[in-house]
Amino acid sequence: MDRPLSGITVIGLEQYMAGPYCTMLLADAGAEVIKIERPGGGDPRRAMPPFAEREGRRKAAGFMGYNRNKKSVALDFRGEAGREVLRRLVAKADVVVENLRPGALERVGL
Numbered sequence: 336m337d338r339p340l341s342g343i344t345v346i347g348l349e350q351y352m353a354g355p356y357c358t359m360l361l362a363d364a365g366a367e368v369i370k371i372e373r374p375g376g377g378d379p380r381r382a383m384p385p386f387a388e389r390e391g392r393r394k395a396a397g398f399m400g401y402n403r404n405k406k407s408v409a410l411d412f413r414g415e416a417g418r419e420v421l422r423r424l425v426a427k428a429d430v431v432v433e434n435l436r437p438g439a440l441e442r443v444g445l
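Taken in order, the sequence shown gives residues 336 to 445; the numbers are from the working numbering.
Since the hints were made in silico from the structure, they are not lab data.
Quantities reported herein were computed from a predicted structural model and do not represent experimental measurements.
Don't be surprised by glycine CBs; every beta carbon is placed ideally from N, CA and C.
Among the clues, some could well be false.
[To be verified] Simulated crosslink set (DSBU-like; lysine-lysine; CA at most 35 Å straight-line): (1) Lys-406 with Lys-394; (2) Lys-427 with Lys-405; (3) Lys-394 with Lys-427; (4) Lys-405 with Lys-394; (5) Lys-406 with Lys-427.
[As the list claims (entries may be wrong)] Pair ranges (Cβ atoms, derived): (6) Glu-390 with Pro-339: 14 to 24 Å; (7) Arg-436 with Met-336: 18 to 28 Å; (8) Ala-382 with Ala-353: 16 to 26 Å; (9) Gly-365 with Ala-426: 15 to 25 Å; (10) Gly-376 with Gly-342: 24 to 34 Å; (11) Lys-406 with Ala-439: 15 to 25 Å; (12) Arg-403 with Val-431: 31 to 41 Å; (13) Leu-445 with Arg-389: 33 to 43 Å; (14) Asp-429 with Ser-407: 10 to 20 Å; (15) Ala-353 with Asp-429: 17 to 27 Å; (16) Arg-338 with Gly-400: 29 to 39 Å; (17) Glu-415 with Pro-385: 18 to 28 Å; (18) Arg-436 with Gly-414: 35 to 45 Å.
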């Protein structure tokens with residue numbers, strides 16, 4: 336059964352809670368959400384307790400909850416190659432959600 340947002344693609348430039356919560360709701364409604372994370376560590380919420388351990392791996396329960404049903408890619412868009420990849424992803428998306436610091440996208444020319 337199709338969900339209400341099946342066929343909609345969302346790019347999430349998000350971290351912590353507000354952006355991830357918004358895109359979680361979109362993903363739960365059937366949108367394909369692609370979360371863009373920083374290389375090397377990703378969303379800082381990955382390191383915030385409480386933690387759940389499964390199969391010997393410790394994961395942040397809050398991060399897992401807010402980011403369910405999403406795809407994730409690590410992308411450094413401070414360099415031109417990363418910006419080009421981001422531009423291509425955004426061009427194919429129906430929706431972009433971002434909750435980065437004010438001016439973050441402008442500083443990298445996006």
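Structure-based check of all given hints:
1. For a cut-off of 35 Å, the pair hint linking Lys-406 to Lys-394 stands: about 17 Å separates their Cα positions.
2. Of the pairs offered as hints, the one joining Lys-427 and Lys-405 holds, with about 17 Å between alpha carbons and a cut-off of 35 Å not exceeded.
3. With a C-alpha separation of about 31 Å, the suggested pair Lys-394 and Lys-427 falls inside the 35 Å cut-off, and the hint holds.
4. As the CA atoms of Lys-405 and Lys-394 are separated by approximately 16 Å, the hinted pair is consistent with the 35 Å bound.
5. Pair hint Lys-406 plus Lys-427 holds up; C-alpha atoms about 15 Å apart against a cutoff of 35 Å.
6. For the hinted restraint 14 to 24 Å between Glu-390 and Pro-339, the CB-CB distance of approximately 34 Å leaves it violated.
7. Checked against the given bound of 18 to 28 Å, the beta carbons of Arg-436 and Met-336, roughly 39 Å apart, lie outside it.
8. Under the hint 16 to 26 Å, the C-beta atoms of Ala-382 and Ala-353, about 18 Å apart, fit the expected range.
9. Checked against the hint of 15 to 25 Å, the pair Gly-365 and Ala-426 passes, with Cβ atoms roughly 22 Å apart.
10. In this structure, Gly-376 and Gly-342 meet the distance hint of 24 to 34 Å, their C-beta atoms being roughly 32 Å apart.
11. Taking the beta carbon of each, Lys-406 and Ala-439 are about 22 Å apart, inside 15 to 25 Å as hinted.
12. Between Arg-403 and Val-431, the C-beta spacing of about 20 Å breaks the proposed range 31 to 41 Å.
13. At about 36 Å, the CB distance of Leu-445 to Arg-389 agrees with the hint of 33 to 43 Å.
14. Separation of Asp-429 from Ser-407 is about 18 Å and conforms to the stated range, judged on CB atoms against 10 to 20 Å.
15. The hinted range of 17 to 27 Å is satisfied by Ala-353 and Asp-429, whose Cβ atoms lie roughly 20 Å apart.
16. Taking 29 to 39 Å as the suggested C-beta distance range, the pair Arg-338 and Gly-400 does not conform, at roughly 19 Å.
17. Checking the proposed 18 to 28 Å range against Glu-415 and Pro-385 shows it is violated: the Cβ atoms sit about 39 Å from each other.
18. Between Arg-436 and Gly-414, the C-beta spacing of about 18 Å breaks the proposed range 35 to 45 Å.
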